[in-house]
Amino acid sequence: MKIFEKIGTRLILTVSFTVIVIISVFAYFNIKSHSDNLISEVERHANQLSETVKNTMQFDMLLNNREHIARVIKTVAKEEGIKYIRILNKKGEIIYSTDSTQLGLMLDKKAESCYACHSENEPLQKLSIIERTRIFKLHSDSSSTLGVINPIYNEQSCWSADCHAHTSEQTVLGVLDITVNLKEVERLTNNSKMDVALFAIISIIVIAIILRILVNILIQKPVRELLQATNYVAVGNLSHRINSSRKDEIGQLSDSFDNMIVKLSEARMQLFQSDKMASIGRLAAGVAHEINNPLTGVLTYSSFLLKRVKNNPEMKADLEVIVRETKRSREIVKGLLDFSRQSTPKKGSIEIAEVIDNTIAVISNQLKINHITLEKNYGKNIPQIMADFNQIQQVFLNLIINSIDAIGKTGGTISISTKEIFLSPYGTFQIRTATCQNGHSLMDEKHKIDGLPSIKLKAKYAKNEGFIHLNPIYGNHQHHYGIQFKEDEIIHLFCPQCGVTLVDENKTTPTCGAPIYYLTIPDNGKVEGCTKFNCNWQRWDVVDSAGDIKFVEIKLSDTGSGIEPKYLSKIFEPFYSTKGQKGTGLGLSVIWGIINNHKGKISVDSTLNEGTTFTIHLPVGYE
Amino acid sequence: MNKKYDILVIDDEEVIINAINMIAKFNEYTTASAKNPTEALNLLNESTFNLIITDIMMPKMDGFQFLEILKQKKIKTPMIMTTGYSTLENAVKALNYGAIAFIPKPFTFEELTSVFKRGIEYSKISNKLFSRRISEDLLSIIPCPPKYYRLGFDSWMNEEFEGTVKIGVTDLFLNSIGSLGSIDLMSVDENIYQGNTALKIVDSNEYIHQVLSPISGKIVSVNQKILENINLLAKDPYFEGWIYKIIPFSLISETNNLTTCSLDI
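Just so you know, the protein sequences line up as chains A and B, in that order.
According to the working numbering, the first sequence is numbered sequentially starting from 2.
According to the working numbering, the second sequence is numbered sequentially starting from 3.
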């Protein structure tokens with residue numbers, strides 16, 4: 002990437018430009034006011050000086066003590082910054098000056114010293130303080146100069162003096178002109194300009210550094226991580242996760258990226274699994290086809306011979322063995338073909354004991370090799386259930402193989418028991434669909450509680466607003482709260498989609514008297530609950546009135562190594578495997594899926610080094 | 003030169019052809035054989051056959067495509083299909099395509115002989131039906147009633163009230179067996195599957211004929227009257243002669259695999 006295409010560079014350039022503009026505007030006004038202040042100070046000082054000089058000289062003028070006057074002017078002009086002091090007479094002739102070369106020169110009305118009064122055609126008689134000063138440059142390249150002219154007015158003492166130099170008609174007798182060099186002011190102003198420029202440069206550099214660090218921490222690092230993660234995923238490493246701990250937008254992006262990879266890997270795994278099943282199916286089909294042809298030869302010839310040797314009992318017996326064993330081979334191949342077609346589920350009414358016995362028959366050899374004793378304890382009169390024989394067989398096959406692996410080579414016991422049980426729907430029945438009164442679905446497939454889609458409600462408490470995810474098992478109260486509230490207060494609940502209230506103020510619970518909330522279950526009445534979440538009251542009339550539900554309970558225990566408690570909650574998750582390279586981590590999740598599809602439940606109980614028990618509940622009345 | 007044979011055998015494996023030939027010869031049928039459908043089509047141009055037995059899975063052209071060509075050429079020779087890939091789908095497909103029987107490999111001498119006997123008998127019946135001499139022979143095949151569905155010419159099903167389905171055997175199947183000896187039925191609570199054997203009929207010569215089920219389900223009742231008097235089956239195959247009453251597992255999707263009888267008449 003080119004340097005100008007980077008977000009950091011662009012941000013820094015934009016911010017720097019803005020800083021320059023702001024500082025420039027600020028500096029312009031700041032320096033201007035600073036320099037104005039300085040100049041007005043100089044002006045005030047020059048005026049004061051000019052007034053002082055005039056007053057000092059008054060007596061000398063009356064006495065016409067010209068030498069003294071010249072000395073005073075020279076002494077005063079030694080003060081720093083003063084360029085020259087001169088006095089012009091009425092005609093414009095310089096009669097005194099600190100610069101002796103100017104003595105006797107005639108200034109015309111347009112000269113800087115005369116201009117203030119003589120800019121108009123009629124000379125001014127009076128000049129205010131502000132109008133006395135002016136700033137000018139003698140040459141374009143020299144520093145600025147401040148000139149103060151102080152008119153010397155005619156006074157009574159002037160015309161009444163003995164010399165009679167002035168008549169009483171005259172108003173202005175001459176002008177005291179002090180010129181001050183503004184070099185110092187300019188120097189100070191320039192210094193300020195330098196300071197501001199330095200300040201601007203330093204602030205831009207500091208801002209750039211801070212921005213650089215911020216951009217690096219806030220954008221570049223996470224973006225680089227994301228980029229790296231996408232590259233990993235692109236080359237097929239779907240187990241890579243960003244695991245960002247950030248809560249900002251980029252953190253959300255990372256989380257959503259992680260989530261996408263999980264979904265992607267699940268989809269790929271499913272694809273892989275179905276692909277695997279498909280190729281096993283093709284293989285089985287191919288093998289079946291290839292074996293069946295030679296078997297046809299064996300079976301037809303042997304059965305034909307059997308037909309022809311009716312009178313030879315010895316040979317007949319031998320041939321009968323061939324025919325019987327070939328027919329057995331035929332059944333094995335048929336089983337292989339049936340296996341390859343497992344992808345299309347066929348629900349039938351099945352005897353659970355038969356499924357288990359069938360499964361055991363398949364792996365009886367493995368049980369023998371591992372010195373495992375099998376204890377069967379089937380209950381009497383277990384009702385048949387509607388289920389897919391093959392899928393249920395797969396469940397038992399996987400569970401028994403897991404048990405064999407857990408027991409290992411040392412030997413042990415696997416016991417399987419079945420019985421008919423009745424369970425109250427309270428605490429067992431899953432709410433699979435729920436809507437608000439306007440028919441909007443409240444089910445949240447993304448937010449799962451114990452692996453089941455939860456029910457999402459919008460909640461309001463005081464000024465807080467958020468979501469509550471209800472446990473979908475009727476009677477279970479491990480809800481997930483996305484809002485803070487006091488437990489014994491009433492929460493207002495709404496449909497997240499249309500905002501319609503789910504609370505019925507007119508109905509109250511029999512236990513604590515708080516208003517109830519209700520969820521509409523399509524074709525199955527309503528589920529009612531308490532709006533105080535410390536109250537565990539829930540009611541589902543339709544289901545309660547149907548009474549207890551009949552289940553077949555199958556318990557499968559082994560004396561194997563057991564599962565560590567911290568892994569127990571994870572074992573039904575896809576891709577979780579304790580078998581390392583040996584397992585795909587799909588077995589138990591597939592089992593969970595099959596049992597869930599049959600509206601049943603599977604749970605696990607395990608003690609380390611003592612054994613594991615899986616309990617499966619399959620409903621009897623399920624169609 | 004137009005030769006006449008009983009059976010045309012088509013299979014890509016020599017040993018199968020030999021085995022089938024041997025069984026046919028033992029039953030005194032004349033045979034000709036082909037190693038692929040193209041060869042078989044040439045033979046069909048030169049000669050006439052009463053029956054064809056063909057493998058389904060063959061290179062270049064499979065049994066179904068071969069059957070399709072025969073239909074286009076209006077060759078009505080009855081066909082038996084066999085395959086080593088003996089899935090329920092193949093069985094159902096074969097019967098739906100118009101094969102009169104499906105026999106999975108490997109088969110025994112007796113199994114093939116039963117199917118040959120029924121095939122030759124079927125061939126005779128259809129020859130009579132198509133030769134417009136029906137009135138003279140007094141031969142009549144009762145067609146399957148409208149609104150019924152059938153699996154080839156093996157079995158039929160009819161949906162009843164309360165979601166149960168009755169299934170039975172078609173008249174053509176019974177006629178091709180000839181004289182009925184005994185019947186071997188499954189019992190209540192057992193499951194039957196579409197394309198799997200649902201019942202066996204033993205004829206007077208002790209040959210066993212397997213009838214494939216038109217639909218999957220759990221048997222809720224068996225017609226006891228048939229067990230008492232097997233001739234009821236031939237007398238009224240579509241009403242009094244029903245076999246099982248079942249609760250179907252997936253009626254709608256499996257009905258799509260069947261032929262409606264409404265078009266038969």
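Source of the hints: derived by calculation from the structure; they are not laboratory data.
Take the hints with a grain of salt, since some may be wrong.
As the list claims (entries may be wrong) - Cut-off 20 Å, straight-line C-alpha distance, at most; resulting in silico cross-link-like pairs (DMTMM-like, lysine to aspartate or glutamate):
1. A:LYS308 <-> B:GLU113
2. A:LYS308 <-> B:GLU192
3. A:LYS317 <-> B:GLU112
4. A:LYS335 <-> A:ASP319
5. A:LYS348 <-> B:GLU192
6. B:LYS62 <-> A:GLU291
All figures in this text were calculated on a predicted structure; none of them were measured in a lab.
So, going through the hints one by one against the coordinates:
Between LYS308 of chain A and GLU113 of chain B the CA atoms are separated by roughly 12 Å; this keeps the pair inside 20 Å, and the hint holds. Of the pairs offered as hints, the one joining LYS308 of chain A and GLU192 of chain B is violated, with about 33 Å between alpha carbons and a cut-off of 20 Å exceeded. Between LYS317 of chain A and GLU112 of chain B the alpha-carbon distance is near 16 Å, which keeps this suggested pair within the 20 Å criterion. Pair hint LYS335 of chain A plus ASP319 of chain A does not hold up; C-alpha atoms about 25 Å apart against a cutoff of 20 Å.
A threshold of 20 Å between alpha carbons decides the hint, and for LYS348 of chain A with GLU192 of chain B the separation of about 13 Å falls inside it, so the pair holds. A hinted pair counts as satisfied when its Cα atoms are at most 20 Å apart, and LYS62 of chain B with GLU291 of chain A qualifies at roughly 17 Å.
The structure is inconsistent with the numbered hints 2 and 4, although it conforms to all the rest.
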